[in-house]
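Got two chains here, separate frames each, mind docking them using the hints?
Protein chains in written order, with our numbering: chain A, 1 to 223; chain B, 1001 to 1225.
None of these hints come from the bench; they were simulated from the model. It is possible that some hints are incorrect.
Claimed, not checked - Partner residues aside, some chain A positions facing chain B, computed with beta carbon under 8 Å:
1) Gly32
2) Ser34
3) Asn84
4) Val89
5) Thr99
6) Val100
7) Asp101
8) Gln105
9) Gly106
10) Thr175
11) Phe179
Said to hold, decoys possible - Straight-line distance between alpha carbons at most 27 Å, and here's what the computed DSS-like set of lysine-lysine pairs gives:
12) B:Lys1158 / B:Lys1010
13) B:Lys1192 / A:Lys139
14) B:Lys1049 / B:Lys1019
15) A:Lys46 / A:Lys97
16) B:Lys1157 / B:Lys1131
17) A:Lys174 / B:Lys1082
18) A:Lys11 / A:Lys38
19) B:Lys1049 / B:Lys1082
20) B:Lys1131 / A:Lys97
21) B:Lys1082 / A:Lys163
22) A:Lys188 / A:Lys174
23) A:Lys38 / B:Lys1131
24) A:Lys125 / B:Lys1165
25) A:Lys76 / A:Lys46
26) A:Lys220 / B:Lys1082
27) A:Lys220 / A:Lys21
28) B:Lys1166 / B:Lys1010
29) B:Lys1026 / B:Lys1049
30) A:Lys50 / A:Lys11
31) A:Lys50 / B:Lys1131
32) B:Lys1019 / B:Lys1131
33) B:Lys1131 / B:Lys1160
34) A:Lys125 / A:Lys38
35) A:Lys11 / A:Lys46
36) B:Lys1160 / B:Lys1192
37) B:Lys1221 / B:Lys1192
38) A:Lys21 / A:Lys11
39) B:Lys1082 / A:Lys38
40) B:Lys1165 / A:Lys76
Ideal Cβ placement from N, Cα and C applies to all residues, glycine included.
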Amino acid sequence: MDQVSKSRKLKPIEEAMRMIKDGDRVMVSGFGNSGDPKMLVEALTKVNAKDLTIISNDLGSPNEGLGSLLTAGKIKGLIGNYYNWNPDVADAFNAGKITVDLIPQGSFAEGIRAAGVGIAGFYTKTAVGTDLQGDREIKEFNGETYLLQNAIPADVALISAYKADELGNLVYYKTARNFNPLMAMAGKLVIAEVAEIVPIGSLDPESIVTPHIFVDVIVKRGC
Amino acid sequence: MYQYDEETAKARIAGRIAKEFSEMSKEKDLFVNLGVGIPTMVADHIDSKRVFLQAENGMLGVGPAACEGECDPLLINAGRIKVTETPGCSYFDSCMSFGMIRGGHVDATVIGAFEADQEGNVANWIIPGGKMLGVGGAMDLVAGARRVYIAMQHLSKKGKPKILKKCTLPITGYEKIHAIVTEYAVFRFINKNMYLEEICPNMTLNDLKEITPAEYIVSEKLINF
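Chain B with its partners taken away, still in its complex shape (with noise of 0.2 Å):
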């Protein structure tokens, strides 16, 4: 099977997602709040000054990591990392931030996951008996925005198919994946049915199964990306 390194594999994340992301805002303004993780890196791909980041500890607009230097300690995003503004960005509380999310009004976020299914759900919050006790605005973005993106490589860091019939973890919303994108595939969820759109050059449908438990239907449309 064709592997990436990790740094590649990323990147091919990242690109994919902003891509679509600068696709959409041809038509309208975009809002979009990233995770942590990969999520961070789809800022870095994005060409359009149509796509808004939102960060939901207070900031609309939110520009690229500070350089040393430039710091402000006190302005980060939600990964507390120092960043910068960007002309017409905006600051505002933590009611008025989820209210962006939970009201409707962020079109995307884009999230990383332990795991995922093939019915949409996602668990991205906990390992229970783990060292990490947080859910942070990740249940809220995941019930809110309107497209939920998840940003993975396609197995975890042992190997193991992240993809699956049933996630196993628990979950942080249901039914409510858009998205998954990693640098094997892109899948697409249609009318509560899970769609191969994309596939890397490099693979078969066949070796792409093998890694993927969760049942999906392949796309007449499939292309490679």
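If we strip away everything but chain A, and leave its shape as in the complex, we get (with noise of 0.2 Å):
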């Protein structure tokens, strides 16, 4: 293998933080500070990019992770699943300074799978007949109601990973996994932190978990 496609997809932070434009929608991966890209929402938080749409699990904790975010004034609306952890975001709500879209983690969790293997929008029985059913469609199944929940995209997708190759296969870290192989799917641009690059062909094809198809840019933590 020759040293340029190599580094193909090697990049300095600023130079992948540059790919995030004004009002984009950003996924950013992780469960409760495991498997989120500490790195790279650092430094979105310092970038000019504003009116984020920012589509993850939780929002950190007040100023720590994503929540930092929410200080900087980047974010214009959220949509994700569960912000106990961080009241700022209900205190962000409550005041109008920012939408939130709440959807159940499971449905959060298959509509970005759907969004990254061509699939419109899936009917599921989670959340019918509740306030998070919204102006949904409903349909019955073999004397089932489900409603229909859209596919999840986004513009950009930020995750974190254990390892990757040079070609940018991924694996992961035991609970870190979470979002992040959905997400590395559903981003139009998915740019990947990882705490280690190995040569290609040191990762056992049966342990990859994200095929390097997916995975446009490689950032490497701590550079």
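Shown next as structure tokens:
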């Protein structure tokens, strides 16, 4: 393998962050401080891009992780499911500063996957009849009521992995996997923060969770 | 009316549910998802090796909370508690995790609740106007798990009944409850009817009725627990 293809996706973090534009829908992986791209999120608080819609499981803690993005005034809207760990979200929402679209965690995850694999939406029993049903289409299948959850696409996905090879194949670590493989499929542009980059061929093909076809940019943690 | 101190009350609830799971696991391996609070304590009371805990953030075979020194900050359960592995555990993404739940592969979920009612409805995700804005996996779990156990103290912190004729707060899932376990009683839903199956030894049926607005049938096999 020649040097050009080896380093094709590896970029300095500044260059990667310049790819994020005003008004973008930005997906960010992680679940409660595990599996979130901490370095990319910190860099995002410092870029010029604003009016972002952040699509994530949670929003970290007050002024920590993604929480700092809210403090920095970068967020226009949130799509996610669990903001109880960061009461700043309820405050900003109640003050009319941001919009919040709550989607049950399983429907949220599947909606992200759907966006990544060319599925427009799917029917689920989750949230039927509840306040989160909203104006979603209702349909009966085999005598049971389902609602239509649309796919949840994004302009950019910021994800985190344990190891990448030089092609961009990714493997994860324990419960830090969570939303990463899904968001890797769903973002039009996928930027992966990784702890380690290994030579092509050194990852066991059976162990690769995210094949490199989904990954556009790799940023090495600590660089 | 007899009152348990908070610690004893919670241990009674967790212990009663754990006993049921240990019993169920004699016939087949049991897969269980535990919510935060009292539900998490159920794990400490399970004495069977064939009850496997699932965490919706992507783990099957969740072990006990990690001790200081052996903590791995990236290995957490859905309540953000640092946990440990058990032999045979596995990791997966959030889609597969909720596939297990939505697909009916998880035998039981244990959740806390603000309110539950005689129709088997549960309200546990939001108090409108409050500081909390989140649903997490609650609706998916209630809709998908084969059995939904409510583990909660019988009365709210302010002493108000929580087992009602009809929930007043936004509903998490309709007609989904299998059983409600409090420090005073075990109620089970059979064919849409709510039965009182077990009562604590220090309480009369009238005592219980006074703190339980829901209408329920006293089981012919009522026992103490």
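So, going through the hints one by one against the coordinates:
Nearest Cβ of chain B to the Cβ of Gly32 (chain A): about 4 Å, under the 8 Å cut. The hint holds. With 8 Å as the threshold, the beta carbon of Ser34 (chain A) comes within range of chain B, its nearest partner Cβ sitting at about 5 Å, so the hint holds. For Asn84 (chain A), the interface hint holds, the least distance from its beta-carbon to any beta-carbon of chain B being 4 Å, beneath 8 Å. The restraint placing Val89 (chain A) at the interface with chain B holds, with a minimum CB-CB distance near 5 Å, inside the 8 Å limit.
Restraint check, Thr99 (chain A) versus chain B: the minimum CB separation of about 12 Å is more than 8 Å; hint violated. Hint status for Val100 (chain A) relative to chain B: holds, with the closest Cβ pair at about 6 Å, below 8 Å. Interface restraint check for Asp101 (chain A): the shortest CB-CB distance to chain B comes to about 11 Å, outside 8 Å, so the restraint is violated. The beta carbon of Gln105 (chain A) is positioned within 8 Å of a beta carbon in chain B (closest approach about 4 Å), and the interface hint is therefore held.
The interface hint given for Gly106 (chain A) is met, as the beta carbon of that residue sits about 3 Å from the closest beta carbon of chain B, less than 8 Å. The beta carbon of Thr175 (chain A) is positioned within 8 Å of a beta carbon in chain B (closest approach about 5 Å), and the interface hint is therefore held. The beta carbon of Phe179 (chain A) is positioned within 8 Å of a beta carbon in chain B (closest approach about 5 Å), and the interface hint is therefore held. Restraint check for Lys1158 (chain B) and Lys1010 (chain B): the C-alpha separation of about 17 Å stays at or below 27 Å, so the hint holds.
For the hint linking Lys1192 (chain B) to Lys139 (chain A), the alpha-carbon distance of about 24 Å falls within 27 Å, and the restraint holds. With a C-alpha separation of about 13 Å, the suggested pair Lys1049 (chain B) and Lys1019 (chain B) falls inside the 27 Å cut-off, and the hint holds. In summary, the hint linking Lys46 (chain A) to Lys97 (chain A) is supported, as the alpha carbons are separated by about 20 Å, within the 27 Å threshold. For the suggested pair Lys1157 (chain B) and Lys1131 (chain B), the alpha carbons sit about 18 Å apart, so the restraint of at most 27 Å is met.
Annotation: proposed proximity of Lys174 (chain A) to Lys1082 (chain B) holds, straight-line Cα distance about 12 Å (limit 27 Å). About 17 Å separates the Cα atoms of Lys11 (chain A) and Lys38 (chain A), which keeps this hinted pair within 27 Å; it holds. With a CA separation close to 21 Å, the supplied pair Lys1049 (chain B) and Lys1082 (chain B) stays within the 27 Å bound. For the hint linking Lys1131 (chain B) to Lys97 (chain A), the alpha-carbon distance of about 15 Å falls within 27 Å, and the restraint holds.
Between Lys1082 (chain B) and Lys163 (chain A) the CA atoms are separated by roughly 22 Å; this keeps the pair inside 27 Å, and the hint holds. Taking the CA atoms of Lys188 (chain A) and Lys174 (chain A), the gap is near 26 Å; set against the 27 Å cutoff, the hint holds. Between the alpha carbons of Lys38 (chain A) and Lys1131 (chain B) the distance comes to roughly 26 Å, so the proposed pair stays at or under 27 Å and holds. Only pairs whose Cα atoms come within 27 Å are accepted, and Lys125 (chain A) paired with Lys1165 (chain B) is accepted, the gap being roughly 24 Å.
For the given pair, Lys76 (chain A) sits about 16 Å from Lys46 (chain A) by alpha-carbon distance, which is consistent with the 27 Å threshold. At roughly 26 Å between alpha-carbon atoms, Lys220 (chain A) and Lys1082 (chain B) fall within 27 Å of each other, so this suggested pair holds. Our distance criterion of 27 Å between C-alpha atoms is met by Lys220 (chain A) and Lys21 (chain A), whose separation comes to about 22 Å. For the hint pairing Lys1166 (chain B) with Lys1010 (chain B), the CA-to-CA distance comes to about 24 Å; that is within 27 Å, so the pair holds.
Annotation: proposed proximity of Lys1026 (chain B) to Lys1049 (chain B) holds, straight-line Cα distance about 10 Å (limit 27 Å). Among the hinted pairs, Lys50 (chain A) with Lys11 (chain A) is consistent with the structure: their alpha-carbon atoms are about 22 Å apart, no more than 27 Å. For the given pair, Lys50 (chain A) sits about 26 Å from Lys1131 (chain B) by alpha-carbon distance, which is consistent with the 27 Å threshold. Distance check on the hinted pair: Lys1019 (chain B) and Lys1131 (chain B) sit about 35 Å apart at the alpha-carbon level, beyond 27 Å; violated.
Taking the CA atoms of Lys1131 (chain B) and Lys1160 (chain B), the gap is near 21 Å; set against the 27 Å cutoff, the hint holds. Distance hint between Lys125 (chain A) and Lys38 (chain A) is unfulfilled; the C-alpha atoms sit about 34 Å from each other, more than 27 Å. Taken as a hint, the Lys11 (chain A) and Lys46 (chain A) pair is honoured in the structure, with Cα atoms around 18 Å apart against an allowance of 27 Å. Taken as a hint, the Lys1160 (chain B) and Lys1192 (chain B) pair is honoured in the structure, with Cα atoms around 25 Å apart against an allowance of 27 Å.
Using a Cα cut-off of 27 Å, the hinted pair Lys1221 (chain B) and Lys1192 (chain B) holds, with the two alpha carbons roughly 18 Å apart. At roughly 17 Å between alpha-carbon atoms, Lys21 (chain A) and Lys11 (chain A) fall within 27 Å of each other, so this suggested pair holds. In summary, the hint linking Lys1082 (chain B) to Lys38 (chain A) is supported, as the alpha carbons are separated by about 18 Å, within the 27 Å threshold. The suggested pairing of Lys1165 (chain B) with Lys76 (chain A) is violated, with an alpha-carbon distance near 41 Å, which exceeds 27 Å.
In this structure, the hints that do not hold are numbers 5, 7, 32, 34 and 40, in rising order.
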